[in-house]
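Student: Sequence:
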Amino acid sequence: MELRQIRQFVALAETLNFHRAARLLNMSQPPLSVSMQKLEQEMGVKLFERLARGVALTEAGVEALPHARKILGGVDMMRDAASATIDGMGGRLAVGFVGSAVYGLLPRVVPLFRANRPSVELRVRENTTLEIIKGLESGELDVGVLRTPVFDIGEVNLEPLYREEMILVLPNDHPLRTRGTVRLEDIRDEAFIGYDRTCLPSYHALSLSACEAAGFQLRVIEEAAHVQTLIALVESGIGIALAPAVSRIPGSSRVSYARLTVRDAPILIGLALATRVGESRPAQEAFKAALREAVALMMKDDPTISMADMRP
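Under the numbering used here, the very last position in the sequence shown is 312; numbers go up by exactly one each time.
Quick caveat, the hints were computed from the structure, so don't treat them as lab data. Glycine included, C-beta positions come from ideal geometry on N, C-alpha and C. A portion of the hints provided could be inaccurate.
[Unchecked claim] Distance ranges between label pairs, derived from CB positions:
#, residue 1, residue 2, range
1, 173, 79, 50 to 60 Å
2, 189, 300, 30 to 40 Å
3, 2, 215, 57 to 67 Å
4, 118, 76, 12 to 22 Å
5, 232, 38, 24 to 34 Å
6, 138, 160, 16 to 26 Å
7, 157, 44, 40 to 50 Å
8, 37, 66, 19 to 29 Å
9, 173, 58, 34 to 44 Å
10, 181, 1, 46 to 56 Å
11, 254, 292, 26 to 36 Å
12, 215, 78, 56 to 66 Å
13, 44, 265, 37 to 47 Å
[Stated by the list, open to error] DSBU-like, lysine-lysine: derived pairs with alpha carbons at most 35 Å apart:
#, residue 1, residue 2
14, 288, 134
15, 38, 70
16, 46, 134
17, 288, 300
18, 70, 288
19, 70, 46
20, 134, 38
21, 300, 134
22, 70, 134
Could you build the full structure based on these sequences and the hints that come with them?
Tutor: Take a look at the structure:
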């Protein structure tokens with residue numbers, strides 16, 4: 001058993017998806033699959049159940065995960081103690097991203113940061129907003145990129161990054177799929193796929209308030225704990241959904257997207273940078289600078305993103 005296999009196991013256990021785990025690990029999917037098969041053979045137990053969409057942890061996998069995290073934490077602490085972290089040129093930086101930021105923001109910010117801090121070990125983890133808050137408070141994370149509004153942030157400082165439009169996600173056979181823009185008021189009778197209130201409180205609150213502004217109550221037939229899951233449920237044809245514009249899958253033939261308005265105005269959701277109150281390290285500041293640069297690049301390419309004032 002090698003340390004890299006333990007890191008790969010944790011990444012897959014946290015994303016439950018080979019493609020997303022491979023992306024976070026900066027490797028291709030086939031070698032990750034082979035590595036996990038070898039790990040299971042070495043341990044003599046099955047850690048994952050292979051599903052049609054992703055994987056699920058077996059009972060053995062659930063038991064192994066906290067021990068794997070503890071091993072990685074010990075290795076990271078040893079490395080941190082030996083690294084030159086005073087000037088921010090070495091050491092480790094653990095960053096939590098909400099899933100919807102993985103597609104648009106993450107591919108831009110990581111190269112910018114690595115170009116400036118090549119010796120810093122950057123660990124990127126996909127989390128919900130609630131998990132990011134808890135990770136910052138526990139010290140597992142150094143920086144978070146999360147959705148706003150957030151209703152209970154504890155000892156966490158928020159800095160607005162940008163806000164973007166929510167769009168409508170439709171099955172490909174939906175009558176509205178050819179409409180460029182849809183008024184929320186005109187789809188009051190539709191069945192919606194909503195957001196889990198605990199895992200995605202910002203999306204949940206925004207969806208309810210937007211429908212309230214449009215004069216109706218959201219009719220939710222299913223809830224999702226991740227934006228990617230929500231889009232997959234739309235693809236299955238059971239309903240429509242609101243999602244952040246950045247979560248659009250370019251060239252997708254499985255779902256359709258439309259811009260969305262309520263009372264002729266776009267529905268906006270924010271993204272913010274989160275750090276522990278009173279903490280400022282050079283590596284954190286370098287990552288913040290890379291984030292701001294990445295956001296500026298995104299705004300040039302996407303008219304649904306703006307830097308307008310928002311309240312976290």
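Student: Work down the list of hints and note, for each, if the structure agrees.
Tutor: Evaluation of the provided hints:
{"no.": "1", "hint": "173 to 79: 50 to 60 Å", "verdict": "holds, 52 Å"}
{"no.": "2", "hint": "189 to 300: 30 to 40 Å", "verdict": "holds, 38 Å"}
{"no.": "3", "hint": "2 to 215: 57 to 67 Å", "verdict": "holds, 58 Å"}
{"no.": "4", "hint": "118 to 76: 12 to 22 Å", "verdict": "holds, 18 Å"}
{"no.": "5", "hint": "232 to 38: 24 to 34 Å", "verdict": "holds, 29 Å"}
{"no.": "6", "hint": "138 to 160: 16 to 26 Å", "verdict": "holds, 24 Å"}
{"no.": "7", "hint": "157 to 44: 40 to 50 Å", "verdict": "holds, 46 Å"}
{"no.": "8", "hint": "37 to 66: 19 to 29 Å", "verdict": "holds, 22 Å"}
{"no.": "9", "hint": "173 to 58: 34 to 44 Å", "verdict": "holds, 37 Å"}
{"no.": "10", "hint": "181 to 1: 46 to 56 Å", "verdict": "holds, 54 Å"}
{"no.": "11", "hint": "254 to 292: 26 to 36 Å", "verdict": "holds, 34 Å"}
{"no.": "12", "hint": "215 to 78: 56 to 66 Å", "verdict": "holds, 59 Å"}
{"no.": "13", "hint": "44 to 265: 37 to 47 Å", "verdict": "violated, 59 Å"}
{"no.": "14", "hint": "288 to 134", "verdict": "holds, 20 Å"}
{"no.": "15", "hint": "38 to 70", "verdict": "holds, 21 Å"}
{"no.": "16", "hint": "46 to 134", "verdict": "holds, 30 Å"}
{"no.": "17", "hint": "288 to 300", "verdict": "holds, 19 Å"}
{"no.": "18", "hint": "70 to 288", "verdict": "holds, 28 Å"}
{"no.": "19", "hint": "70 to 46", "verdict": "holds, 20 Å"}
{"no.": "20", "hint": "134 to 38", "verdict": "holds, 33 Å"}
{"no.": "21", "hint": "300 to 134", "verdict": "holds, 33 Å"}
{"no.": "22", "hint": "70 to 134", "verdict": "holds, 17 Å"}
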